[in-house]
Structures are given as C-alpha cells and as structure tokens.
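> Here are the chains, one letter per residue:
There are 2 protein chains.
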Amino acid sequence: MKKVINNANHVVDEMLDGLVTAYPTFLKRLPGTTVISRSDAPVQGKVGIVSGGGSGHEPAHAGFVGKGMLDAAVAGEVFTSPTPDQIIEAIKAVDSGNGVLLIIKNYTGDVMNFEMAQEMAEMEGIEIASVIVNDDVAVEDSTFTVGRRGIAGTVFVHKIAGAKAATGASLEEVRAVAEKTIANVRSMGVALSSCTVPAAGKPSFTLADNEMEIGIGIHGEPGIERLPLEEADNITTILVDKILADINYEKAEVALMVNGLGSTPEMELHIVNRKISEILMEKEITLYKTWVGEYMTSLDMEGFSITLLKLDSELKDLLVQDVKTIAFHV
Amino acid sequence: MKKVINNANHVVDEMLDGLVTAYPTFLKRLPGTTVISRSDAPVQGKVGIVSGGGSGHEPAHAGFVGKGMLDAAVAGEVFTSPTPDQIIEAIKAVDSGNGVLLIIKNYTGDVMNFEMAQEMAEMEGIEIASVIVNDDVAVEDSTFTVGRRGIAGTVFVHKIAGAKAATGASLEEVRAVAEKTIANVRSMGVALSSCTVPAAGKPSFTLADNEMEIGIGIHGEPGIERLPLEEADNITTILVDKILADINYEKAEVALMVNGLGSTPEMELHIVNRKISEILMEKEITLYKTWVGEYMTSLDMEGFSITLLKLDSELKDLLVQDVKTIAFHV
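Chain order of the listed sequences is A and B.
Residues 1 to 330 (the UniProt record's numbering) make up the first sequence, in order.
Residues 1 to 330 (the UniProt record's numbering) make up the second sequence, in order.
It should be emphasised that the hints constitute simulated quantities derived from the structure, not laboratory data.
There's no promise every hint is true.
Pairs involving identical chains hold if they fit within one copy or between any two copies, as the list cannot separate such chains.
No more than 30 angstroms apart at the CA atoms, straight line, and that leaves these computed lysine-lysine pairs for DSS-like [unchecked claim]:
#: 1; residue 1: 283; residue 2: 28
#: 2; residue 1: 310; residue 2: 180
#: 3; residue 1: 242; residue 2: 289
#: 4; residue 1: 316; residue 2: 251
Required output: the full structure, derived from the provided sequences and hints.
And the structure:
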C-alpha cells in the first residue's frame, strides 16, 4: 500500500483538520466531532440541510458544505457510517428553528444511524425530516443495502435541496423537492481497479489486467458483471443504456454528471463525456448542464460513474442557483 | 495499461471535443485546431492571455480558460509541446488589438515553439510579450529544460495575469505582474508511482513498492533522489523545507496550493495541508489563501506538489478577483 498518510487510524481526523485549515472563511469543524459545518451555521430563517456518510468519498460530503448547498456534513470512518451521536451534533448545529432535512445515501448502516439521530432530534423537539437517495441502477439489492445504493446522484440532491432551502422554503417544501430529485436521478458506475482502505492496507478486491467491473459500488461492492476491458465508447454505451432503460427519458431535458472514482485522469472523463453527448443527441434528449470531475470518489479506485437527472423547470432553476462550496460550482 | 480511451492516438482530440461539449456556454474549440478559447474571444479592450503545453496535465490548461484568467489554451499531444501553427491560431483568436501575453512553462520544446509563434505574431503586427514560469525548486536543469521546470505554480501566474488583464491594464503592466508572480512562486513535488502515457502503453518509469521520488517532474522526469516511503508529515516537511530555503519568507504572507498529480485521494492532500499549515505557523509565515485539489496533474501519477507564492498587496488583490473557469475558483 502506497499512501500519503501518517497513522491509518487517524486519517479522518487529520483530513478534517486539514480541510478546515484550507477553507477557514466558510467552513468550521465542530470541536470534538467529525462534523464540518458552514462557518456561519446555524443560518437564521432557513431549513438546515445535513448529509454525510463514510469517509473515502472526498470531496463528498464536506466539499458540498456552503451557501446554497449543505449546512453540515458528518464524516464517518473510511467506508463506515457516522454514528448517531455525531449526526445529532450536526443537526443541532444547523437548526435555526426552521427544521432540518437529512439527506441519506441508501446503505443499511447510514439509514440506521441517521434515522436514530432523527429520532433523537425529534425527542429534543427539533422539526426534522429525511430522504434516502437510491440512484444506482446497477443492482436492486447489494452487500450493504436493501434496495438500490445511493451514489453520485446524491450530489444533485444536495444541490437542489440546498438551493430550495436558501429560498426560505419550509421543511416540507424542501423535503418534497429532494424527493422529486431522487425520483428523477439515475446513476451507474464501472471500475478498472480496486481501492485500498488505509486501515486494511491491501486492495478490497482484485481485477485482472484486462478486466472491468460494470455496476461497481463506491465501496467496491460487486456490480453486475466482470467483462473484458473495452474501448471507452463501448463502456459508456453499456452504462448509458442501462440508465436510459430505467425511466422514460423521451424528449427529456437532463443534467449530467461524469464522476471520476479517484484515479481516473480527467482526460478520460472528457472522452466519456464526448460519447454520452453523442448518445443523448441521437435519442433527442437535451443536455441542460454538465459536470465532469470528481464528486463522489472511492479512495484511489480507477473508474467512473455517469449520473442523469431528468429535469423540470423547478429543478432546472434550483440546479443553477448560486452556490459557494469547495467542490460544486455552477 | 488500463485506461478509459478509444484509440491512443486520438485521446487529445476526443478530450477537447468532450470538454467543450460539457461547458459550451463559456468555452469553444477553434475549428480544426487544438485551441480552447473563451466563447466570447476576442474580448474587446483587454490584453489577451494565452498559455498551454502538452496534454496529460488536466485540468491544465483549458480548465483555466475563462473570465479573469486565460483567454485561450493550446493543447499539444500528451506530454508534448503544441506546435507554433496551433499557438499562432490562439494568439490571433484572442487579440483584440490590445496585445497578447504568452505564459510558457519552462521546457525546451514549449519555449522554442511559443517563441516561434511569438515571432510569427510580431510579423503579423500583433503586439505580443511572453513570460517563462520556472517555479520548480527541485532541480536546476532537467531532462527537458535548461534551468528550472515550470509546474503547478504556473496556475497562480495564469490567475494573476488574467486578473490584471481584466482591469484593462496594458500589455507591459500585465507582463510585469506576471514576472513579479514568477519571481515569488516556488513549487516542489513527490511521486509514489509513475504515470502511463496512452500511446506508450506502459509506465514511464518504475518505483519499488516502498519507494518515493522526491522532486519529480510532471512528465515523470527524474527528481532529486529516491527515498523509502515515509509518513505524510515527513514527506511534507522535506518539500516545504526545500521551498522555504529558496527565497526569504521571513514574516511573509503566502498563497498555498496543494496539488494532486492524478491518482492521490483528496483525503491525502488534506493530510498534507494540515502539516504545511503547522510548519508555516511555526515559522510565522501567514497563510492568505489555500487551494487543495488537482490543478496540474501528470496523467495517473500518484503523488503531489506544494506551491508557495509570496504575496504583496497587489498580488493578494489580483489573486482573489472574480474568476469563471472550470477548475480554478476563489
């Protein structure tokens, strides 16, 4: 294992310290916690938005904390859900009396811990709601989930819910638009290599030199199948076809995210994007806006995911509202 | 070699097409060239700024094209300087009669080709000047250079020259502030792995499982020495000490860039940043602003570089002026 770390047991703690040191004007770490919040939290007069999950997916989730997106992100250990006691700290830190929305990726551990924190918040009299993102069309159930997994599409949910909250909308209105986003977002990924969890010290799985795994999860959970590595255009077609088969995209307008999983050069993501735009044009699907880069990674995994969000006028407006975060820009 | 590509000979062409497809509102590709320019080029009433170099360093250089930074970026083949005929196209596309500044990284091929294009532009009556960035303190001469190499510090030169040009300053004023930035910027990198050029199909060099190379170049050129891989804090200290020894930083205020070389998880860059901020605090050097991420990569190389820019009030002001690019944000 070659990593630029000190002690494998301290990577999350040291990362969070490094992160707030880099961006002190708009992020802070709640003392004694793994919570990164807006430096001005709680923001008066708006619903607070909290997300988070295991570490190792950077820039998710702290990279999406800021004006117009998340109010706080809770970091767990690498690929491990944050605990309820950390999540409740985030909830309390962002609640200005207008309620708090939790955006949860669909993994058994995350759902259990976020919902436990939700109950704790209710007992403390905080108005609270939650949504569960399950955008990955690859598998219906997986090693870590009942139902579909939540992956890079979660970032669009963060953006749209955050933009709605910034308008001063009610908790119910913010929850409703988050649910609408979840109903319309679909993703799928592919890996060319495994990833190495620092504390494990060896790759989570192995792929042969000529193999790729279609439908991989962001923790290296098994996908649909292993195939011989193909040309970029063919891999892209496999993923896009599976996404497009899942809901009706006829004459749709979409937002697109081409997301690197950690070790994939940006050059390759643009080559993938070129093919996606060709396929969408053939199918008369209109591209509203595209993001290419690293948004929801899997440590040092080589591979990428594609996310399509089917839009209506409300989602379009919210998607391009001003935002000030480290990792998401419009 | 595992890469998400089609034909290794077409990677640059397909990348550039994918890039402008993703960001059509503010970037365009000049037809039949490898030049990416602002979609509104030439911008009237200001100096045009052109940079570029070999591909494989994404998001450099097209990721820095946009309002307040570059007017155009010229892409060569992977790790190969663009040719003078491409560079002159960029110059002509951004010249609005106020002159053009070329920002060149110090590699023999780049210097030769950009200077040849500069002569061609002069012959066509275009007012033109150039600066050469040589921020890498690792080695005095290298495989590809006479003098120090230009690496990630180039991005600060792009930003500051671009911001100055946006004020309507003259070509001589923009050139002067670019030179001042070059005089005050220092960088150094380390690699834990090689990179693989698509057309070569195999890694450019090899490092043993327990080795790192200190002072590596962004094309995999040899650095200062190979050492056993150490803890993040020790690696960071080696690089920062070498940078700080190069010019007088006493009571200085600095901008910092922690730049991933391609495959290094963001988590590790933040761990590095944590240690840098500790060292600077000990030495009473003030951090003005920090950027952590991928800015000047080396394909899929694992490793990072550190850049420090010593600031005065003019450089501080220009560094944080509004900018609208894919890859650089303030």
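> Does each hint hold? Answer for all of them.
Status of the hints after comparison with the structure:
Proximity of residue 283 and residue 28 under a CA criterion of 30 angstroms is satisfied inter-copy only: 24 angstroms between copies versus 45 angstroms inside one chain copy. In the homo-oligomer, the alpha carbons of residue 310 and residue 180 lie at most 30 angstroms apart inside one protomer (10 angstroms), although the nearest pairing across protomers, at 48 angstroms, exceeds that limit. Proximity of residue 242 to residue 289 under the C-alpha cut-off of 30 angstroms is restricted to the intra-copy arrangement: shortest distance 21 angstroms within a copy versus 43 angstroms between copies. With identical chains, the CA atoms of residue 316 and residue 251 are at most 30 angstroms apart within one copy only, with a shortest distance of 15 angstroms there and 48 angstroms across copies.
When each numbered hint is compared with the structure, no violation occurs for any of them.
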